[in-house]
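Enquirer: Sequence:
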Amino acid sequence: MSDLDRVFGALKAAHRLDPVPSYRDRQDILTKMLGGLRRHESALLRALTQDLGKSEPEARLTEFFPIRKEIQYVRKHLSDWMRPDRRATPIQLLGTRSEILTQPKGVVLVIAPWNFPLLLTIKPLIAALAAGNRVVVKPPEHTPETSKVMAEWLRSSLPEDWVQVVLGGPADAAALTEMPFDHIFFTGGTETGRKVMRAAAEHLTPLTLEMGGKSPAIIDCTVPPAQVAKRLAWGKALNAGQVCIAPDYLLVEEGAVEPLVSALVSRWDQCFTSDVQSSEEYGRIVNDQQFQRLKDTLEDALAKGAKLVHGGKWDAKSRFMEPTILGEVTMDMRVMQEEVFGPLLPVLTWKDPSAVVDTI
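Position 166 of the sequence shown, counted from 1, bears residue number 166 in the numbering used here, the numbering being contiguous throughout.
Keep in mind that the hints are not guaranteed to be accurate.
[Unchecked claim] Under the rule of at most 27 Å between Cα atoms (straight-line distance), these lysine-lysine pairs were calculated in the DSS-like manner: (1) 105 <-> 69; (2) 123 <-> 69; (3) 69 <-> 195; (4) 230 <-> 351; (5) 295 <-> 230; (6) 351 <-> 317; (7) 214 <-> 76; (8) 123 <-> 12; (9) 304 <-> 214; (10) 32 <-> 12; (11) 351 <-> 214; (12) 105 <-> 123; (13) 148 <-> 317; (14) 105 <-> 76; (15) 195 <-> 214; (16) 230 <-> 195; (17) 214 <-> 307; (18) 32 <-> 76; (19) 295 <-> 307; (20) 105 <-> 230; (21) 304 <-> 351; (22) 195 <-> 105; (23) 214 <-> 148; (24) 317 <-> 295; (25) 32 <-> 148; (26) 313 <-> 230; (27) 214 <-> 230; (28) 12 <-> 230; (29) 105 <-> 32; (30) 148 <-> 69; (31) 195 <-> 307; (32) 317 <-> 307; (33) 214 <-> 123.
[As the list claims (entries may be wrong)] Here are the in silico distance ranges between beta carbons for each label pair: (34) 331 <-> 56: 47 to 53 Å; (35) 337 <-> 34: 38 to 44 Å; (36) 204 <-> 88: 30 to 36 Å; (37) 296 <-> 198: 25 to 31 Å.
Everything labelled a hint here was simulated from the structure, so no lab data went into it.
C-beta atoms are modelled at their ideal positions from N, C-alpha and C, and glycine is treated no differently.
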């Protein structure tokens, strides 16, 4: 029996012994989780800086704050969610009472991505534990320091018959998806999501897939450039563009491009100064593989005729890539064929709104 089999078997056995944990037990688990987060906060902040170059303000805003709010929200509403929901009884069953009872599914697998390694590991874990499930957590291997500290936090704070953490690579994740979990929660790339879905189908395991895609921002001439630039600058520079809901490319009405680009560059200068690389507020690409992918994507666009409107600076040693605006982009370029997931921002123009729909 492999280590993964033992982990899964132990949680299955725990679920059979106590298939519907009490309200008090679930609240206790969430309280322990919150206390452990406080004790490991400094170590997690350092790890996020090591792995992603995240500044402390950004990490607190995008990782810690949402986790704390989620735990508070769940604890506040948990008793309501667990309460039986009375329903009308059909006349054929006259004399009986009907209600809906919410019960745990059993053992849940959470596979998390690397772009927000803390938030996107812990948020589904909170939901699964609040619902009374036992959980196997597979943190992202591409943020090793954060995953290591996260494992220490969860292992030291939560009972092992509730949560098990598996640190490993793609082979471990693939092996886990082949096991008969009662639910799988996966966040990551589309290609990997397809593999997870195929593996889950063998056991008819229900699953939740949160994956990527192209996420355009559409701008017309009626929008104040400074207003939209402020939003775009934040959305594209946050976590160095490594955000699934970041603006992937812009569809800008002709006549609005120059004022928008000027306002966007000015906004980035306000946030990071003109020397972005020296700013402690701007993050880094997660690893050499992702950096090379983005560099190749940029070079592909330029080789096929794209215009470098702004940025383009990079440093492989520190995995720095400047927020970069590309003009004269065509649909055959990699930057338009694949999810960017980085600080490259292609700009396409339009005259007729119907062309926008066709492009999307």
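Enquirer: Hints first: check each against the structure and report whether it holds.
Expert: Evaluated hints:
1. A hinted pair counts as satisfied when its Cα atoms are at most 27 Å apart, and residue 105 with residue 69 qualifies at roughly 25 Å.
2. For a cut-off of 27 Å, the pair hint linking residue 123 to residue 69 stands: about 10 Å separates their Cα positions.
3. With a CA separation close to 33 Å, the supplied pair residue 69 and residue 195 exceeds the 27 Å bound.
4. Our distance criterion of 27 Å between C-alpha atoms is met by residue 230 and residue 351, whose separation comes to about 24 Å.
5. Between residue 295 and residue 230, the direct Cα distance comes to roughly 26 Å. Compliance with the 27 Å bound is thereby established for this hinted pair.
6. Taking the CA atoms of residue 351 and residue 317, the gap is about 42 Å. The hint is violated against a cut of 27 Å.
7. Between residue 214 and residue 76 the alpha-carbon distance is near 36 Å, which puts this suggested pair outside the 27 Å criterion.
8. Taking the CA atoms of residue 123 and residue 12, the gap is about 22 Å. The hint holds against a cut of 27 Å.
9. For the suggested pair residue 304 and residue 214, the alpha carbons sit about 20 Å apart, so the restraint of at most 27 Å is met.
10. Between residue 32 and residue 12, the direct Cα distance comes to roughly 22 Å. Compliance with the 27 Å bound is thereby established for this hinted pair.
11. Proposed proximity of residue 351 and residue 214 is supported: the alpha carbons are some 21 Å apart, at most 27 Å.
12. Between residue 105 and residue 123 the CA atoms are separated by roughly 17 Å; this keeps the pair inside 27 Å, and the hint holds.
13. Distance restraint check for residue 148 and residue 317: the Cα-Cα separation of roughly 24 Å lies within the 27 Å cut-off, and the hinted pair is therefore satisfied.
14. Using a Cα cut-off of 27 Å, the hinted pair residue 105 and residue 76 holds, with the two alpha carbons roughly 22 Å apart.
15. About 20 Å separates the Cα atoms of residue 195 and residue 214, which keeps this hinted pair within 27 Å; it holds.
16. About 38 Å separates the Cα atoms of residue 230 and residue 195, which puts this hinted pair outside 27 Å; it is violated.
17. For the suggested pair residue 214 and residue 307, the alpha carbons sit about 21 Å apart, so the restraint of at most 27 Å is met.
18. A hinted pair counts as satisfied when its Cα atoms are at most 27 Å apart, and residue 32 with residue 76 qualifies at roughly 16 Å.
19. Among the hinted pairs, residue 295 with residue 307 is consistent with the structure: their alpha-carbon atoms are about 15 Å apart, no more than 27 Å.
20. Using a Cα cut-off of 27 Å, the hinted pair residue 105 and residue 230 is violated, with the two alpha carbons roughly 43 Å apart.
21. Taking the CA atoms of residue 304 and residue 351, the gap is about 23 Å. The hint holds against a cut of 27 Å.
22. With a C-alpha separation of about 22 Å, the suggested pair residue 195 and residue 105 falls inside the 27 Å cut-off, and the hint holds.
23. For the proposed pair residue 214 and residue 148, the alpha carbon gap of about 31 Å is over 27 Å, so the pair is violated.
24. With a C-alpha separation of about 13 Å, the suggested pairing of residue 317 with residue 295 holds against the 27 Å cut-off.
25. Proximity of residue 32 to residue 148 is assessed by CA-CA distance (about 19 Å); at most 27 Å being required, the pair is judged to hold.
26. Taken as a hint, the residue 313 and residue 230 pair is honoured in the structure, with Cα atoms around 22 Å apart against an allowance of 27 Å.
27. Between residue 214 and residue 230 the alpha-carbon distance is near 21 Å, which keeps this suggested pair within the 27 Å criterion.
28. A distance of roughly 49 Å separates the Cα atoms of residue 12 and residue 230; the hinted pair therefore is violated under the 27 Å criterion.
29. Between the alpha carbons of residue 105 and residue 32 the distance comes to roughly 22 Å, so the proposed pair stays at or under 27 Å and holds.
30. A threshold of 27 Å between alpha carbons decides the hint, and for residue 148 with residue 69 the separation of about 23 Å falls inside it, so the pair holds.
31. The hinted pair formed by residue 195 and residue 307 fails the criterion: a straight-line CA distance of about 37 Å is larger than 27 Å.
32. Pair hint residue 317 plus residue 307 holds up; C-alpha atoms about 25 Å apart against a cutoff of 27 Å.
33. Pair hint residue 214 plus residue 123 holds up; C-alpha atoms about 24 Å apart against a cutoff of 27 Å.
34. The hinted range of 47 to 53 Å is not satisfied by residue 331 and residue 56, whose Cβ atoms lie roughly 40 Å apart.
35. Taking 38 to 44 Å as the suggested C-beta distance range, the pair residue 337 and residue 34 conforms, at roughly 43 Å.
36. Taken as a hint, the range 30 to 36 Å holds for the pair residue 204 and residue 88, whose Cβ atoms sit roughly 31 Å apart.
37. Roughly 28 Å separates the CB atoms of residue 296 and residue 198, a value that falls within the hinted 25 to 31 Å.
Going through the hint list in order, the structure does not satisfy hints 3, 6, 7, 16, 20, 23, 28, 31, 34.
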